[in-house]
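Colleague: Listed below are the residues making up each chain.
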Amino acid sequence: AQTVTQSQPEMSVQEAETVTLSCTYDTSESDYYLFWYKQPPSRQMILVIRQEAYKQQNATENRFSVNFQKAAKSFSLKISDSQLGDAAMYFCAYRSGSNSGYALNFGKGTSLLVTP
Amino acid sequence: EADIYQTPRYLVIGTGKKITLECSQTMGHDKMYWYQQDPGMELHLIHYSYGVNSTEKGDLSSESTVSRIRTEHFPLTLESARPSHTSQYLCASRESYYNSPLHFGNGTRLTVT
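These protein sequence lines are chains A and B, in that order.
Numbering follows our numbering, with no gaps: position 61 of the first sequence is 61.
Count along the second sequence starting at 1, add 116, and that's the number in our numbering.
No lab work stands behind these hints: they were computed from the structure.
Fair warning: there could be bad hints in the mix.
Within a straight-line C-alpha distance of at most 30 Å, the following computed BS3-like cross-link-like pairs (lysine-lysine) qualify [stated by the list, open to error]: (1) B:K133 / B:K173; (2) B:K134 / B:K147; (3) B:K147 / A:K108; (4) A:K55 / B:K133; (5) B:K147 / A:K73; (6) A:K73 / A:K108; (7) A:K78 / A:K108; (8) B:K173 / B:K134; (9) A:K70 / A:K108; (10) A:K73 / A:K55; (11) A:K55 / A:K70; (12) A:K108 / B:K173; (13) B:K173 / A:K73; (14) A:K70 / B:K147; (15) A:K78 / A:K55; (16) A:K108 / A:K55; (17) B:K147 / B:K173; (18) B:K147 / B:K133.
Given the sequences, and given the hints that come with them, work out the whole structure.
Modeller: Right, here's the structure in full:
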């Protein structure tokens, strides 16, 4: 099974600053999809951003953008102009493009603290 | 606003009880999933379904069972709960196209005493 590694258990950022969360993954596939999810405390997990491996252009959603490095198998999330509401657990996830119910494999998560 | 609903939100039960965690979605999604998540840990897939009458076990071994008699309903059952089953259980669904995201419910936090 593909593994997803988030090497930063916790990160901290000041309001209005920029923070980058790291994610690497291990796969032998060429066709796959990558996601970042946000899980606020005691609240629903929601999608932040997604990237198709066949696309060279990095995905962007408002203040959230990714740096997708396919050769390095790296998929970092950049949050610009951080807000207090960005505080949450962030999970990086991988989906195979070819099998296994197309379920997501998740990393262990990074807890993001946003300070005023 | 969630279109996928899990009940109960919290459950505390004694060892040996049979329990069913409910999950329903109103989006008509064929694919549904159950994940188990311990505090501060990653999510582990325990069951999934491609559609009605289709169920498969996930990567994490689980003593639970699931059923999919209706598209919108994907309940998870523990025949005899044990303290090792204490965890958070997340239900999710998605559309069938390749890069469709998962939509998650709010989860059920189960404590077995």
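Colleague: Now, for every hint given, state plainly whether the structure supports it.
Modeller: To see whether the hints hold, each was checked on the structure:
no. : hint            : in the structure
1   : B:K133 / B:K173 : holds, 22 Å
2   : B:K134 / B:K147 : holds, 26 Å
3   : B:K147 / A:K108 : holds, 24 Å
4   : A:K55 / B:K133  : violated, 49 Å
5   : B:K147 / A:K73  : holds, 27 Å
6   : A:K73 / A:K108  : holds, 17 Å
7   : A:K78 / A:K108  : holds, 18 Å
8   : B:K173 / B:K134 : holds, 20 Å
9   : A:K70 / A:K108  : holds, 21 Å
10  : A:K73 / A:K55   : holds, 14 Å
11  : A:K55 / A:K70   : holds, 10 Å
12  : A:K108 / B:K173 : holds, 21 Å
13  : B:K173 / A:K73  : holds, 28 Å
14  : A:K70 / B:K147  : holds, 28 Å
15  : A:K78 / A:K55   : holds, 18 Å
16  : A:K108 / A:K55  : holds, 25 Å
17  : B:K147 / B:K173 : holds, 14 Å
18  : B:K147 / B:K133 : holds, 29 Å
Consistency note: the structure conflicts with earlier hint 4 alone.
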